[in-house]
Amino acid sequence: EGVHLEQVAQYLEPRKRHFKEFARPFGKPSDASRTVINKGSATLADGVVVKIEDPDKEFIFAVSKNLDIDEVQALVLLRSFLYNEGLPSKAEDASSMVEELVEAITPFYYSERLFVLRSFIPLLRALEDSDDPIHTIATKFVNDLIPDRPAFVESLIDEYVRKTKEALPESMSVHPKIASRWAKQNVKEQLVALEVVFWSMWGFVPCSGPLVEKIFETGYASQLGRRQENKRLLLDDEGQSNIADCLVLWQILMIEVLELERMSDLQQFEISDNPVDKNFYVSSPQSVQKIHDIVVKYQEDPLSICTTLSWAYVLSRLTWAIDPTLPSSKTPRVGC
Numbered sequence: 001e002g003v004h005l006e007q008v009a010q011y012l013e014p015r016k017r018h019f020k021e022f023a024r025p026f027g028k029p030s031d032a033s034r035t036v037i038n039k040g041s042a043t044l045a046d047g048v049v050v051k052i053e054d055p056d057k058e059f060i061f062a063v064s065k066n067l068d069i070d071e072v073q074a075l076v077l078l079r080s081f082l083y084n085e086g087l088p089s090k091a092e093d094a095s096s097m098v099e100e101l102v103e104a105i106t107p108f109y110y111s112e113r114l115f116v117l118r119s120f121i122p123l124l125r126a127l128e129d130s131d132d133p134i135h136t137i138a139t140k141f142v143n144d145l146i147p148d149r150p151a152f153v154e155s156l157i158d159e160y161v162r163k164t165k166e167a168l169p170e171s172m173s174v175h176p177k178i179a180s181r182w183a184k185q186n187v188k189e190q191l192v193a194l195e196v197v198f199w200s201m202w203g204f205v206p207c208s209g210p211l212v213e214k215i216f217e218t219g220y221a222s223q224l225g226r227r228q229e230n231k232r233l234l235l236d237d238e239g240q241s242n243i244a245d246c247l248v249l250w251q252i253l254m255i256e257v258l259e260l261e262r263m264s265d266l267q268q269f270e271i272s273d274n275p276v277d278k279n280f281y282v283s284s285p286q287s288v289q290k291i292h293d294i295v296v297k298y299q300e301d302p303l304s305i306c307t308t309l310s311w312a313y314v315l316s317r318l319t320w321a322i323d324p325t326l327p328s329s330k331t332p333r334v335g336c
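So in the numbering used here, spot 14 of the sequence shown is number 14, and the numbers just go up one at a time.
Check before you lean on any hint, since a few could be wrong.
Stated by the list, open to error - In silico DSS-like links for lysine-lysine, alpha-carbon gap of 30 Å or less: (1) K188 - K278; (2) K214 - K20; (3) K214 - K177; (4) K16 - K184; (5) K16 - K165; (6) K140 - K177; (7) K214 - K188; (8) K28 - K163; (9) K214 - K184; (10) K184 - K163; (11) K290 - K163; (12) K278 - K231; (13) K231 - K188; (14) K28 - K65; (15) K39 - K28; (16) K165 - K51; (17) K231 - K184; (18) K65 - K165; (19) K278 - K297; (20) K39 - K231; (21) K177 - K163; (22) K140 - K57; (23) K20 - K297; (24) K16 - K28; (25) K65 - K51; (26) K278 - K140; (27) K177 - K28.
The hints are simulated quantities; they were obtained by calculation from the structure and are not laboratory data.
In this text, all values refer to a predicted model and were calculated from it rather than measured experimentally.
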């Protein structure tokens with residue numbers, strides 16, 4: 001709203017690196033970036049040249065060190081923070097002002113990390129909707145950004161798994177409040193990663209056998225989001241709510257990738273030694289068997305009821321596709 005379509009493309013292009021490196025959109029500290037800051041002038045991704053005064057360098061380096069991000073990205077983050085929030089003014093001296101700034105900018109930094117991932121969602125939705133005002137822009141940008149669609153989803157899932165196992169940084173272990181904030185941010189990023197996977201699988205990425213297998217394996221291995229390395233830091237209402245959201249999203253995602261609507265129409269899939277659509281999971285007997293084994297293994301979990309019922313429906317449709325005359329009482333059941 002209030003932005004011309006040409007501006008959308010102009011905003012996206014300089015930020016392409018953030019999208020590509022979504023797991024670490026602000027990079028890591030480097031000697032090269034530190035040298036740029038020390039020289040007092042930095043050229044940003046959009047071509048803007050920023051002059052850096054000596055007093056500002058202390059703030060930039062402190063933000064980079066404490067957030068473990070690239071120094072030039074720390075400059076960009078600091079400028080954005082000051083523009084949106086203003087400079088904290090309670091500090092009485094330069095040293096305490098730096099500490100106060102780092103404390104104040106951390107929630108802003110966390111929100112920016114989430115925004116990078118969330119920005120995928122409107123782009124993926126626009127790509128699937130030809131009536132969307134930014135459909136053309138989204139189609140070009142996303143296709144340029146993601147040449148290998150299945151690999152993109154796999155990278156999101158791998159990043160999700162990494163975050164569920166990520167240990168609390170040692171420096172935070174003696175600061176309960178900071179540790180709790182970090183752990184909650186970690187789960188929020190897991191949740192947004194799952195949201196991006198969901199919208200990717202909605203239409204952008206085919207529900208192929210290997211990919212559906214990976215989604216089912218990961219979902220159940222993580223106990224639908226309940227298995228967390230830092231669960232002791234997630235015992236309050238906010239932490240438990242975030243975990244519950246992950247659980248629900250896993251359930252929705254696992255049902256979505258089964259494509260039940262497509263399975264309801266026998267003309268939309270085929271059982272064949274040489275299927276036309278080889279990127280649909282039912283085209284691979286090996287994948288069907290592996291998914292079946294996973295569902296059977298976890299069918300006693302009450303939270304798997306919806307997925308188990310959905311898989312039972314898939315089995316019934318496969319049976320009818322093979323032999324439409326088979327009585328319903330003869331169709332296979334999950335667990336058989």
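Agreement of K140 and K57 with the hint, judged by alpha carbon distance not exceeding 30 Å: violated (38 Å)
Restraint check for K214 with K20, where alpha carbons must lie at most 30 Å apart: holds (22 Å)
Agreement of K39 and K28 with the hint, judged by alpha carbon distance not exceeding 30 Å: The hint holds at about 19 Å.
Given pair status - K184, K231, alpha carbons within 30 Å: Cα-Cα ~10 Å, so holds.
Restraint check for K177 with K163, where alpha carbons must lie at most 30 Å apart: holds (19 Å)
Given pair status - K51, K65, alpha carbons within 30 Å: Between K65 and K51 the Cα gap is close to 21 Å, so the pair holds against 30 Å.
Straight-line alpha-carbon gap K177 to K28, limit 30 Å: holds (24 Å)
K184 paired with K163 [C-alpha distance capped at 30 Å]: holds (11 Å)
Pair hint outcome, K140 versus K177 [Cα-Cα no greater than 30 Å]: violated (43 Å)
Restraint check for K214 with K188, where alpha carbons must lie at most 30 Å apart: holds (21 Å)
Restraint status (C-alpha distance of K231 to K188 at most 30 Å): holds (13 Å)
Pairwise hint evaluation, K28 against K16, where the allowed Cα distance is 30 Å at most: The given pair, whose Cα atoms are some 17 Å apart, holds under the 30 Å limit.
Going through the hint list in order, the structure does not satisfy hints 1, 3, 6, 12, 16, 20, 22, 23.
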